[in-house]
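Colleague: Chains as they are written, first to last, in this note's numbering: chain P, 954 to 1517; chain R, 37 to 287.
Bear in mind the hints are in silico, worked out from the structure with no lab data behind them.
Hints are all accurate, no fakes.
Label-pair distances were calculated between CB atoms; the ranges are:
{"id": "1", "chain 1": "R", "residue 1": "Gln88", "chain 2": "P", "residue 2": "Asp1297", "range": "21 to 27 Å"}
{"id": "2", "chain 1": "P", "residue 1": "Glu1243", "chain 2": "R", "residue 2": "Gln88", "range": "20 to 26 Å"}
{"id": "3", "chain 1": "P", "residue 1": "Gly1361", "chain 2": "R", "residue 2": "Phe76", "range": "22 to 28 Å"}
{"id": "4", "chain 1": "R", "residue 1": "Asp188", "chain 2": "P", "residue 2": "Val1494", "range": "38 to 44 Å"}
Sample of chain P residues facing chain R (criterion: CB under 10 Å; computed from the structure):
{"id": "5", "residue": "Leu1219"}
{"id": "6", "residue": "Asp1232"}
{"id": "7", "residue": "Asp1321"}
{"id": "8", "residue": "Trp1322"}
From the structure, some residues in chain R lie toward chain P, with a derived Cβ separation under 7 Å:
{"id": "9", "residue": "Arg84"}
{"id": "10", "residue": "Gln88"}
{"id": "11", "residue": "Ala95"}
{"id": "12", "residue": "Arg123"}
Values in this document were obtained by computation on a predicted structure and should not be read as measured data.
Think of the CB as a built atom: it goes at the ideal place given N, C-alpha and C, for glycine as much as any other residue.
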Amino acid sequence: MIQELDVDGVPTLLAPTGGPMRAGLTFRVGTADETLARSGITHLLEHLALAPLGLADYHVNGATAPVFTTFHMQGSAQDIATFLTSVCANLTDLPTGRLDVEKEILRTEHSSRGTAAVDDIPLWRHGARDFGITSYPEWGLGALTADDLRQWAARWFTRENAVLWIAGKAVPAGLRLTLPAGVRQPVPAVSSALPQTPAYFVGGSRAVVLDAVVRRRTAASVFAGVLERELYRALRQDGGLSYQTTAGYEPRGDGHATLRALADALPEKQDAVLGGFVDTLAKLRVGRIEQADLDAVVAKREDFLGTAEVDAARLPSYAFNVLTGERNLTVDEHRAELKAVDTDDVHEVAREALAGALLMVPEGHRADWAGFAAAPTRSADTVAGTAYREKEGDGELHVGVDGVSWLGHGGPLTVRYAECALMLAWPDGARQLIGDDAISMRIEPTMFDLHPGAIRVIDSQVPADRQVVMPARDPDRIPQPRAAAAGAGRREPVKRSWWEIPLMIVSGLAALTIGGGTFLLTLGMFITETAESDEGWLWGVIAVGWLLTVILALPIVLLRRRRR
Amino acid sequence: MLARRPDDAVAGAMLGAHLIRAGWRIRSAYRAQHVSREQFARFHAHLRRAEQVLIDVTARHPEDAAAWTQRITNARGLELGQAEARRRYDQLAKHHPHHLPAQASLLQQFCPKWSGTWERAHGFARECAEAAPPGAPNAVLVVEAHLEEALDHDDLGKASAHLRGAHVRREIHQAAQQSVWHPGFRDGWGWVWVRSVFAMAFCLLEEYPAAARQFAAMGRLGDEAMFGYVGDPTRQFQRFRDKAYAKGGRS
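Chain R on its own, in the form it takes in the complex (with noise of 0.2 Å):
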């Protein structure tokens, strides 16, 4: 398809996201120090085809969203740095500027794990939910960071401490007026991610009520978010779902 039609933007964003997600099927979600030397070699060799095909395409359609947010990810399995995929980031926002994939994105860049810093990555969270239009669904990248930075104990006991000090709940609870518990708010895209990464903090929180009202809202479907950090996701998601209708009640 890209060979007949180079300049077709969908084709290549498509071919892109395939390879970057071939790449790390490759590479697997272990740490890097239990990924081989060739795995490791065949995962960039993927990760490079893909960011060539990119960069033809975000050169062809500088506003194409679904690129750059691809690219956003490359960047971070190339391990380009911090202010290239900042650049990438500003490229699109100047034609998308609440474009949620893509600040998702940035903001798993931004964490330490990728070579960031938690202030950098609040403080990008906050910028977006801030900058979004009331009833976004923009602010869960609040809750996200603060439930990054808590579930990097490896401890759920302390996770859910660090998420119940004062000044973090405050600001989920924020986070949850602007967009889930605001009038406003749509299930619009990805809105099954944002209200599981709510559910998950409510749970953490121990506000069952608040987490079991997100599980209703989502009916019968669910997005495992981050629940693999903690274990199997759809068994924890269960396991967490199961914990709010019991304690919170099901509304």
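Chain P extracted, bound-state conformation (with noise of 0.2 Å):
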């Protein structure tokens, strides 16, 4: 049994557990809800409400995702309290001497953190904004001041947008949330960057992932499960072609939720890999769910119900439906609902997953052929403005009143300034334009023959709340057309070797001595008469003579070329 109670106008969820003490406080706020210029703030907040703790040697953990912020530890009752007075405390009078510490330890994080195969993902299905956030580098945290993420604790960190857990006896004495009054925030609407579905893209890893979003409900979650099996069947144990198959379901929070699934690729058998998950869809998509898989499925599920452990181990996502509004199910609801799924069901959200689906393929494929639609790459239109051609290649920039297009190579591209999500900003010059749509654009005033005030009237039409200024950049990694580089090279005087004239003149003195005489006998065979016998003999040696003129006169044409 879950209790739901109240500490300092905070809602509770109380659960009994066998093994150790822990507890979280959630808050319903994530990258979805921050802009892409300011991305990063929810989780900058996060480690500097970690920060004064150093608590390093306890099971002590924050996690900043689309939708929520956790802080979580495992520990005795006293340390528990402890933790969670201390994290309320500097949510609200935030530490914030370790801002610029804080903000090097993030950016580290970045740096060293693996990229996932799904990290684009987001990217591609919602743009620059809300949920495609999570794609991006945290690009806002440079700008933000102690006074941006005050404003932002006040908004979001608040008793009325919080859910604390604790799996354990009892909520622990002492515990303090001293968090300020608020209002819960609803999850925020979801964008798309997609014109048609199902549609792919060629993502940069070897997998093949499926991104699908399904109404919420039990049988989707089985679905998940049923997946999971047939690419596990098709792709590994069948053909050996992947050595990891995975399906997942998360809940998104507005009554709908995330399908991932991902199998893997040796490099020679990419191919085969992308069309036995095609075909592994396919099979789901008409209808043949096995029995045997669902049955499974649910036994799996059941058994979980069945543990001690059940009501301690669901507290973090019941928390999350607590913060989102979206219903709560007993365990008994559970199982009943579990008990309902039928094939039928799962193959209608087979459907639903299909028709909305996302399909990451790897370099060098494409999945138009069974019906994916490429995902866009390039903008629908292009804005007027003035023109500036690229120095080399025959691409065009036109920068306009309304926004900049890029007309060219891999293009058009289009970035409004009132649809801009970002724009990075050298010193130097060059300029990313990043659209909601995620279409992006960079400009590197070296490539092309750009008025000066081109970069100028770009500056002043992006809102400024949208530009982020990056640190110089290294000479080396600022291109340069290499029209320009070669013709540097040109003016450079050709190096010569003592070697190469007398070369010339031996090789030409010697070309002359021989062809001369090679002409000779040639003429004189068409002029004297001689033996039959003879004068094969003598046209081999006019043949010989031709070639061995032709060879040494070589040298002086070769030297000729390379002087020039």
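Fit chain to chain and form the complex, with the hints in mind.
Modeller: Following this line, the structure appears as structure tokens:
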């Protein structure tokens, strides 16, 4: 049984556990609430709240997800009380003295974090906003001030916007959650960058990944289990094509859930993994759901529901439902819903999942043959404006009053100022504009015949709160047109070796001697009569003579060409 | 038909096959550099439509040999890759281990002209021949693989010299022993094609009596088989047959 209590105005969930005591304080705020130009603010706050605690040897953790942020600890009742009390105190009175240090730590955390196969999926599905922000670096960190953070904390880290959950006997004595009053924040609206689904994009890894959004329901979580079993059989057991095959189901907080399935591939088997993946999805879409798979998935869930730890284990997801206002089931209700799922229900989920699917395929592959439309990599239209030619190639940059367009290789690309999620600005003049739809355009002034005023126009049109100043670049990293580099090379005098002239004279003389002799002999053959037997032999001499002449003359030709 | 009965395997496989053939007619048989960009776009659009019909058929009827065979062929046109073509064949072979049309289609994929290698092509042909029961026609693939490699030389003299190498000749004879020369050989599916391939190989090996026997067994029939590789298929077939009858006698 999960008890619902109240601690200092914060809804509190309590469930018994046979293991160590643990607790979490979860807020309804995450990266999906940020803007790209301010991205990282929630993560930075989470770090600042934990920083002064110096609890490296305890089981403490903070986590920032798209729609929630959690402070978590495992330990004694006393330790937990101290920990959560301090976190709340830090959130209301931010230790801003550590701001720059924590920013630096976050930058390191980002650069040392390996990129996972699925990291890019949110931006392809949602664009450079709300649920897509998690795909990008935390570009907002640099400009964030102590005031920005205080305002962010006051809006989101409030007692109405929090839930406390505790796995243990009772609420620890001495726990004080001194949070300001506020309002429960709704889950942000979800944007889409996909004009058409099912869609696919080419990812940078060898894996094939399915991303789908379905209405949240028990049958959908069962579908994920069924899909995982099908992928395992088709790609690992049968064909030995994949090592890893997984599928997961995660509620999004808005009545929908994200389904993700992944299959990795050896380099020479990527095409077969993609084909097998497509066929597995097709099998489920046409309704061939194996009853045995359904039974196995349901049985596994029921086993979990039967364990003594079930309530403690579901505390985090229970808290999530409280925060997002979604329904929470009792264990018995869960069991009843699981039992009621039949193959028709799973088939319905399969059809829904496939209709809105986004498939990530390995480099060099496509999925249009299987009915997946290519996700947009360019813009549908362009803006009018002053045209600047690319120094090499025939691309053109249009800087207009509404936005900027690139017409050339990989284009057209258009970012309108009003729909610009972020502009990165380097001191050397380079700019990168990222549209809400995730279309990204880099402008390198060295590569265009650009009027100096053009960058100023762009700077003045992109709203100031969308601009992020980047640190100066190493000059080597600023691109230069190849023509300029080659032109510089051309002015350098060609180095000549001392032996070139003597060699030309010697080979010239030799070619002249042999060539002259052969010429005379050839002439002689036409004029005088020779005995038939000698004739063949002489013609042979002539052929060899001419060949020698050509060979001897060759160094002159080659050296002349080099000197030009 | 398919709209009313989406689960009809025969209708699906036929529509798929029709679309693939229509696509290839647009592309024409010329080498890629002679096909226009627009032709390629329409060709691929047909193949994609065919593929999606066939994905459905094989999803509903994983044992349907006709649809899988079309998908193996289509993997080639769509340039999906060697491993994917093989996977499709393996799906079919689970239910039909000696399916000659599918094997012949995959053999094409394994040839260098479709980004395969001769080792892989010969290896697959041998694999099929060895697995097939005695008297089955599948050993014809060994001959076809050798003919593919031989006719890769643009000149018939060189092709003939290639086949007359001791090792190749031995393999062709062995293939004949397993199939057309085997007492258990029956004129079943594709028998005219099988005998046509052997007849051509025997002609190029200059074993005219053996060639003549294959031509005679076909009577008035014939398959263009690989005769199109050396000119107009019908005319070449007749030319080879006339030569075989003239030099090998008519039994």
